[in-house]
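Sequences listed follow chains D and P, in order.
Position one of the first sequence corresponds to residue 1 (full-length UniProt numbering), numbered consecutively onward.
Position one of the second sequence corresponds to residue 1 (full-length UniProt numbering), numbered consecutively onward.
Hints are not guaranteed to be accurate.
What follows is a list of derived Cβ distance ranges for each label pair [claimed, not checked]:
no., chain 1, residue 1, chain 2, residue 2, range
1, D, K210, P, R241, 54 to 60 angstroms
2, D, L116, P, G37, 53 to 59 angstroms
3, P, P426, D, S94, 26 to 32 angstroms
4, D, T168, P, G288, 50 to 56 angstroms
5, P, K441, D, K97, 36 to 42 angstroms
6, D, K117, P, G37, 33 to 39 angstroms
7, P, I81, D, D64, 45 to 51 angstroms
8, D, D233, P, F393, 36 to 42 angstroms
9, P, A172, D, G166, 52 to 58 angstroms
10, D, T168, P, A450, 34 to 40 angstroms
11, D, R174, P, K155, 21 to 27 angstroms
Lysine to aspartate or glutamate pairs mimicking DMTMM-like chemistry, simulated, CA-CA at most 25 angstroms apart [claimed, not checked]:
no., chain 1, residue 1, chain 2, residue 2
12, P, K363, D, E148
13, P, K8, P, E156
14, D, K2, D, D67
15, D, K2, P, D457
16, P, K432, D, D203
17, P, K432, D, E34
18, P, K22, D, D206
19, P, K452, D, E34
20, P, K387, D, E60
To be clear, the hints were calculated from the coordinates, so they are not data collected in a lab.
Note that CB positions come from ideal geometry on N, CA and C, so glycine has one too.
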Amino acid sequence: MKVALFIPCYVDQFYPQVGMATVRVLEHFGVEHEFPEGQTCCGQPMANSGCMPEAKPLAEKYIDVFDGYDHIVAPSGSCVSMVRHHYDAFFDSSDEKANRVRERTLELTEFLCKVLKVGDIEGNFPHQVGIHQSCHGLRELRLSSSSEVMTKRPDMLRGLLDNLNGITFSKLQRNDECCGFGGTFAVAEEAVSCMMGEDRIRDHLDSGTKVLTAGDMSCLMHLEGIIRRQKHDIRVMHFSEILAEAIGA
Amino acid sequence: MSHPTLAKGFVNNKPRAQWHDKALWFVREKRDRMAHGVPEWEELRQQASAIKIHTMSQLPNYLEQFEKNAKALGVHVHWAIDGDEHNRIVHEILQQHNVKRVVKSKSMLTEECHLNPFLEKNGYEVVDTDLGERIVQLRNEPPSHIVLPAIHIKKEEVGECFHEHLGTEKGASDPNYLTEAARNHLRERFCSADAGITGVNFALAETGGFVVCTNEGNADLGVSLPKLHIACMGIEKLLPRASDLAVFLRLLARSATGQPITTYSSHFHGPREGSEMHIVLVDNGRSGILQSPEFRRSLNCIRCGACMNTCPVYRRSGGHSYESAVPGPIGSILTPLKTPESHSSLPFACSLCGSCTDVCPVKIDLHHQLLAMRGFLDRKKLLGMSKKLSMKFVSGLLSHKWMYTTAGSAARTALRWLPRFAVYNPLNGWGKQRELPEPPKSSFRDQYAAHKKQSGDKS
Numbered sequence: 001m002k003v004a005l006f007i008p009c010y011v012d013q014f015y016p017q018v019g020m021a022t023v024r025v026l027e028h029f030g031v032e033h034e035f036p037e038g039q040t041c042c043g044q045p046m047a048n049s050g051c052m053p054e055a056k057p058l059a060e061k062y063i064d065v066f067d068g069y070d071h072i073v074a075p076s077g078s079c080v081s082m083v084r085h086h087y088d089a090f091f092d093s094s095d096e097k098a099n100r101v102r103e104r105t106l107e108l109t110e111f112l113c114k115v116l117k118v119g120d121i122e123g124n125f126p127h128q129v130g131i132h133q134s135c136h137g138l139r140e141l142r143l144s145s146s147s148e149v150m151t152k153r154p155d156m157l158r159g160l161l162d163n164l165n166g167i168t169f170s171k172l173q174r175n176d177e178c179c180g181f182g183g184t185f186a187v188a189e190e191a192v193s194c195m196m197g198e199d200r201i202r203d204h205l206d207s208g209t210k211v212l213t214a215g216d217m218s219c220l221m222h223l224e225g226i227i228r229r230q231k232h233d234i235r236v237m238h239f240s241e242i243l244a245e246a247i248g249a
Numbered sequence: 001m002s003h004p005t006l007a008k009g010f011v012n013n014k015p016r017a018q019w020h021d022k023a024l025w026f027v028r029e030k031r032d033r034m035a036h037g038v039p040e041w042e043e044l045r046q047q048a049s050a051i052k053i054h055t056m057s058q059l060p061n062y063l064e065q066f067e068k069n070a071k072a073l074g075v076h077v078h079w080a081i082d083g084d085e086h087n088r089i090v091h092e093i094l095q096q097h098n099v100k101r102v103v104k105s106k107s108m109l110t111e112e113c114h115l116n117p118f119l120e121k122n123g124y125e126v127v128d129t130d131l132g133e134r135i136v137q138l139r140n141e142p143p144s145h146i147v148l149p150a151i152h153i154k155k156e157e158v159g160e161c162f163h164e165h166l167g168t169e170k171g172a173s174d175p176n177y178l179t180e181a182a183r184n185h186l187r188e189r190f191c192s193a194d195a196g197i198t199g200v201n202f203a204l205a206e207t208g209g210f211v212v213c214t215n216e217g218n219a220d221l222g223v224s225l226p227k228l229h230i231a232c233m234g235i236e237k238l239l240p241r242a243s244d245l246a247v248f249l250r251l252l253a254r255s256a257t258g259q260p261i262t263t264y265s266s267h268f269h270g271p272r273e274g275s276e277m278h279i280v281l282v283d284n285g286r287s288g289i290l291q292s293p294e295f296r297r298s299l300n301c302i303r304c305g306a307c308m309n310t311c312p313v314y315r316r317s318g319g320h321s322y323e324s325a326v327p328g329p330i331g332s333i334l335t336p337l338k339t340p341e342s343h344s345s346l347p348f349a350c351s352l353c354g355s356c357t358d359v360c361p362v363k364i365d366l367h368h369q370l371l372a373m374r375g376f377l378d379r380k381k382l383l384g385m386s387k388k389l390s391m392k393f394v395s396g397l398l399s400h401k402w403m404y405t406t407a408g409s410a411a412r413t414a415l416r417w418l419p420r421f422a423v424y425n426p427l428n429g430w431g432k433q434r435e436l437p438e439p440p441k442s443s444f445r446d447q448y449a450a451h452k453k454q455s456g457d458k459s
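Work out the full structure: start from the sequences and follow the hints.
Structure (structure tokens):
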């Protein structure tokens, strides 16, 4: 199995430890991996701003760089959802290469659960964890049940952490409300964005969260930014970092 | 004014914004409990969506069928191409009947066409009879929500407003007392009205009849006493068969307020003896939307308001920040479609969380349409120079690996060495209330290369 790592641009530059934790988790499960050097960004910031002509060359680059792999794995539901759900605007539905690469692009928990079919994971993480359900993983990739839809789905992230020794989970008032990041929204609508973030953090503080986690570093970047400014006693970790620490990888 | 500016004004009064958010979240949670109580909820949504998609694909035929059947019931049918024509038609009908006083139940269409100010200008007394609508009317402001028009107003403020306009006791805020006062005040208006205007929730092609849903019974009172009933509807309100109502009436109230059904679902099939019934069918841009594959599904909306209740941005920014008769996610599609120049910030008043899409009872892919709407604005050259240029620049940067890695490295180095005041300045919108990430010395790609080398050395 030939697996390519798709490390989102902001993770590459600002959160290398999340990428490295992903690498260690994959190695723990015996997955051989490569990091195609030509990758930069999937084009989401431009597409989300409405600038489709500016996003197109990046989408084309993505498909070129990642063709030829069995799976392309990313520690980010949002970027994966961009590739899988929003590349229609750039490629014809009969474009086999684009279809192949898009289908094979998976979010990390999705890859662990669906492809590797990882069951209970042995490890220690004696902390109270608060899961932030990132919207794109939740409602675009359906990695868990959203509270609006009555169809029940397994929570992949929680399922992977569930068996760790000593771990407990926070019970939130609003299980899956958006954190307020939303890409350029975080700056364009700064006031609402920060109020949303503060409200999410308040819910976690009230529920006793000690470690805040998610499958998307972008949501965590925003929440961590507020947590650090307001000096709250919450450690922010990407899900892959928790897993890597728990299994001692 | 743009949405971010108006939203900031609302958020700045934090206790109030929090109170507004909680009030709407309460409704959203009620909706969740109600939806959970219907095991076939998702099938109902699927069916509603299918019925609407089908109806829209055959809309001209169903409209003709509706007109024919309505006329057979003795209803006068009028067609209006836009809001102005709608207002003119209503005015003419009122003139023909020598009407002076009108009672009107809630109708988003008349709000969209600005019927009230038009009629008032022409010398009519128009009284909104829905309690929330009456409150905002007395305060001389537009509704802030399509189902809960006065959700942004506290009961103490209603007390002040009623004290001024209805003569209630100063400082009174007891909801029962205030409602009773409004009831008595409205009763006088019902009794003295010469005409009743209502909206339409669902019109039935098969029968030529229509249904109006209210929780206060005010629509029924408004059209039962006067001898003239004018119903105003957008052409998208049509359903093919009477039996389709079973699907929509179950979804509407549960999605809107978390009730099993609205208190009054009144069916109108022709005028009473000695009375007249008119229906004004309004296009006002709808047939244009129908031609657009990208945005056609926004016409499936049944105006339940669930997308507003669930929208984390709407809940915190308030309905007035949208400056639109229909605010929230669905309004951020419908309004810029009609007036892109003046509402270009609305599709961006959205974090793309997708909650609106998942809550929508007719399965409109709202957040995808909001995203598409941003591209629509770009094609109309309405994105704004600074946004467009910065995106062009970033796209160029990210298209070349060496430029991207060099810029990344430079940014990380700068962030590590620059003094705080140089990074956290007024130009940095991120840093106003948030810290930037702590810049690492090396990027992932460098660490990965080192890791590979190390594991290669080992083996």
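Here is what the structure says about each hint:
no.	hint	verdict
1	D:K210 x P:R241: 54 to 60 angstroms	holds (57 angstroms)
2	D:L116 x P:G37: 53 to 59 angstroms	violated (38 angstroms)
3	P:P426 x D:S94: 26 to 32 angstroms	violated (50 angstroms)
4	D:T168 x P:G288: 50 to 56 angstroms	holds (55 angstroms)
5	P:K441 x D:K97: 36 to 42 angstroms	holds (37 angstroms)
6	D:K117 x P:G37: 33 to 39 angstroms	holds (35 angstroms)
7	P:I81 x D:D64: 45 to 51 angstroms	holds (50 angstroms)
8	D:D233 x P:F393: 36 to 42 angstroms	holds (39 angstroms)
9	P:A172 x D:G166: 52 to 58 angstroms	holds (56 angstroms)
10	D:T168 x P:A450: 34 to 40 angstroms	holds (36 angstroms)
11	D:R174 x P:K155: 21 to 27 angstroms	holds (25 angstroms)
12	P:K363 x D:E148	holds (12 angstroms)
13	P:K8 x P:E156	holds (24 angstroms)
14	D:K2 x D:D67	holds (11 angstroms)
15	D:K2 x P:D457	holds (21 angstroms)
16	P:K432 x D:D203	holds (22 angstroms)
17	P:K432 x D:E34	violated (38 angstroms)
18	P:K22 x D:D206	holds (16 angstroms)
19	P:K452 x D:E34	holds (9 angstroms)
20	P:K387 x D:E60	holds (22 angstroms)
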